[in-house]
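Colleague: For reference, the chains in residue letters:
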Amino acid sequence: MLAFVLRRAVQAVLVMIVVALIAFTLFRFVGDPINQMVGIETSAQEREALRQQLGLNDSVVVQFAHFIWGAAHFDFGASYQFKQPVVDLIAERFPATMELSLVSALLSLLLGIPMGVYTALHRTSWLSRFFLTVSLVGISLPTFLIGILLIFVFAVTLGWLPSFGRGDVVDLGFWTTGLLTKSGLRAIILPAVTLGLFQMALIMRLVRSEMIEVLRTDYIKFARARGLPDRIVYFGHALKNTLVPVMTIAGLQFGSIIAFAIITETVFQWPGMGLLFLKAVQNADIPIMSAYLLLVAAIYVAINLVVDLLYVVVDPRIRIDARAA
Amino acid sequence: MDMPPVETTEDTDQSQRLATFLDSDVVYSFRQSKVTVLAAIVMLAIVLGAVLAPWVAPHDPYDLKSLNLLDAHTPPAWASDGDVRFLLGTDDQGRDVFSTILYGSRLSLAVGMLSVALAAALGIALGLIAGYVGGSLDALIMRAADVQLTFPAILIALLIDGTARALFGQYRDESTTIWVLVLSIGLSFWVQYARTVRGLTFVERNKDYVLAARLIGIRPGLILMRHILPNVVGPVLVIITINLALAIILEATLSFLGVGLSPTEPSLGTMIRIGNNYLFSGERWIAIFPGITLAALVLSVNLIGDWLRDALNPKLR
Amino acid sequence: MSEPILSVRHLCVEIPGRHGTLVAVNDVSFDVARGEVLGVVGESGAGKSLTGSAIIGLLEPPGRIAGGEIRLAGKRIDHLPPEAMRRIRGKRIGMVFQDPLTSLNPLYRISEQLIETIAVHTNCRGAEARRRAIALLTEVGLPAAEARIDHYPHQFSGGMRQRVVVALALAADPELVIADEPTTALDVSVQAQIIALLKRLCRERGMAIMLITHDMGVIAEAANRMAVMYAGRIVEIGSARDVIGKPLHPYSVGLMGSIPKLDSDLDRLVQISGSMPRLTSIPPGCPFHPRCPRVFAPCSNKRPELTACGQSQVACWLYETSPSSAEAAQ
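Chains as they are written, first to last, in this note's numbering: chain Y, 738 to 1062; chain S, 502 to 818; chain C, 38 to 367.
It should be emphasised that the hints constitute simulated quantities derived from the structure, not laboratory data. Small disclaimer: the values here were computed from a predicted structure and weren't measured. It cannot be assumed that every hint is accurate.
To be verified - In the SDA-like style, the derived pairs of lysine to any residue whose C-alpha atoms are separated by at most 20 angstroms in a straight line are:
| id | chain 1 | residue 1 | chain 2 | residue 2 |
| --- | --- | --- | --- | --- |
| 1 | Y | K958 | C | Q135 |
| 2 | Y | K820 | Y | L1015 |
| 3 | Y | K977 | C | L144 |
| 4 | Y | K958 | C | L144 |
| 5 | Y | K958 | C | R55 |
| 6 | S | K535 | Y | T861 |
| 7 | S | K535 | Y | L864 |
| 8 | S | K535 | C | R55 |
| 9 | Y | K977 | C | E153 |
| 10 | C | K128 | C | L238 |
| 11 | Y | K958 | C | T221 |
| 12 | Y | K958 | C | D136 |
| 13 | Y | K977 | C | Y189 |
| 14 | Y | K977 | C | L138 |
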């Protein structure tokens, strides 16, 4: 088991190094940092001096080391567009994206799992068919379309919920939260549903198909043959065996949620990292792009590692080595 | 006396095979499911409309000279101040929404197919090499695949697009935009092909007929093309069908975000982006009709895919 | 003589499908006396497992009981409501399946699976239930039961796992246990142990066992009486010694003849030509007649019923002696 954990950790480090290389390459070689930072009137000598000062004439390896060093201290230079330190820009918007992502993930689990269980147990009821239709819509429609649809129905037509922004936020020092104000709570509903609908549908279908598979196994048949009541068979045995693979996939999907937040934040003008990244792409703002890439990669790698460890904890077959009788 | 026409064995074979196919479980479940049949019709209609756009559309929305700003913001033909010439209304540039939907679908499908072709070509090539050569080359390619798989396609596509912008500058013409888009989407999707093909190549490579070919001295390239590649086509086709829907969605999303096809030659995604600005002011048709078209296309493709998966999976019956 | 613990009369199991309804168990009748081991033998697809599933009420839809009666200690159980049937399962009828690895939930400890079964059927809880669980494991011959009861299924070997499965089936003291191929997935050396275990339990608990298998050696070792099934019907039923030593039905003769014997000097084994018909194409009359070496006139049009012949019963026109069937044979 230790070997397993070590192997995954090594893989994680490998991915981070590769991503760091890509981020560095982007940062240094795509587009000229100097041209972005100075005006047209600056003389060639001044540019050269600047290059020297910024260490742009050092060897690639040295520059890469500087880059890693800077990254470890959260220093990614300044944004081309905003002329502010990248780390400040990202930190300011980090809570907004995280809150949105977490609320969406929670929503998708709280709705997706029960719906999945229900549709597995009552395969022909009309409610099941309704759920399956909703799930099909959820995984088919592109996120932005769902967002626009929701805005159209709930903001434009019914006027119940706001269609943009985060509402009033409470500043907690290192974090700003919109969950403590009424307007903040109202503002997060539509974006969270938009972002979470795909995940909810995915989880629902996954739970359903896993549970149907599990219900066909011999151990469920044997449990029934022992006269165990339905309640124990379904929610004691079947559910536990269903949720183990589902939990790990759901965990991995959280990374996907953070990425798709880019779209949701655009639709709802939600002031998060995703919107910042998109504007960076539109304006070729390399420092922001490269920093975002590294940050997101770090989050993904961390999630993957946690999920792998979770599997070890939950499945006794991996955790305990089989011993002969 | 009349002699009945003589049926050749080939005819009997063919008609027998057709009869067997039509009686198979798969076709049976297709005919039973009204929803799937409906989905197939819808998908066919949209695809046909897209393909035949130049002949079917009443206007050419990409011809900037034919546009008249005075026509802009016309509501659909059935509204009180609508115009029969513009069945579904016009957008803010005076483009006929119906025609733009047809031409836009065409563009979306074209970009989708081109990017899938790129992804498939790249993925198959890398997969064949990795599976056949093995060793460190295989490890390299697969590690690259692993790294890329950590990230969702949209992130990769955005990254490539942003990089292209930085490298080539902001002011590009239409064809460059399309190629950059195809490149971004294509490069996001090669991994699945590579992995599948690598696995299959690995299996085939160790089979006796390949060993025999190598012993005779046939060049590896030839072995790959003539022996291994045909065995790989089946599973790859399955991936392509799923991939096409994803590619179309990705293109629509990128266009909606403003980094895809531009407003001068809009695809469905771009139109929705434009229409999004007018949702509150009442000119809803600019976003709604392209939205419905995109939704219908993607929903029907997924419905058919769903049905296909259930029909081919004996366990879920 | 006390009444049989299980009494099956004219049981029919059907499976409706797209191409028509398949009859998998066709008019099957037999008894199982208290404390006896009845072996049910036959090729794959003969309908043995479905008969067992029907008795315990675990037929998988769309399969269903289409006719006949199943009586447990005199009371009908074939069309009981689901909750009533559930109470019978485990408490009065137990079942053991073929593969012990897939029969046990890999995520639960043995103790948890045992205790929950005990708790469902008795008022036993907590520490008392745990004591009972350990006693059960000891009874089925699991060494160091107290130490190993908290282990997971994958930590046991195949034979030990099957013992655990037997313990689980016995947890609520059933009067009848249906064992569906209990030794097929095990090593030969372990098979003998499990058979000995089942025999001992049968003796000590006065429990009846319906032993379903295609392995004749197992039947010879363990069964008091045996039934031979073919294409959904019982073709011969009698004491194990009679059926094995002096088989009557041509199919039984073929089966026994195809077993290699240590004391004979044959060059080739007896083989029954052809194969058992698929459910979709069961021949009219006696289902065995296309393969029967002793086929004659009535075999292809009228289906023979079980009739007494000595101590056994046979479904074969060769042994029909009653006047009405003799007329039909003309």
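Colleague: Could you tell me which of the hints above the structure violates, numbers in ascending order?
Modeller: 5
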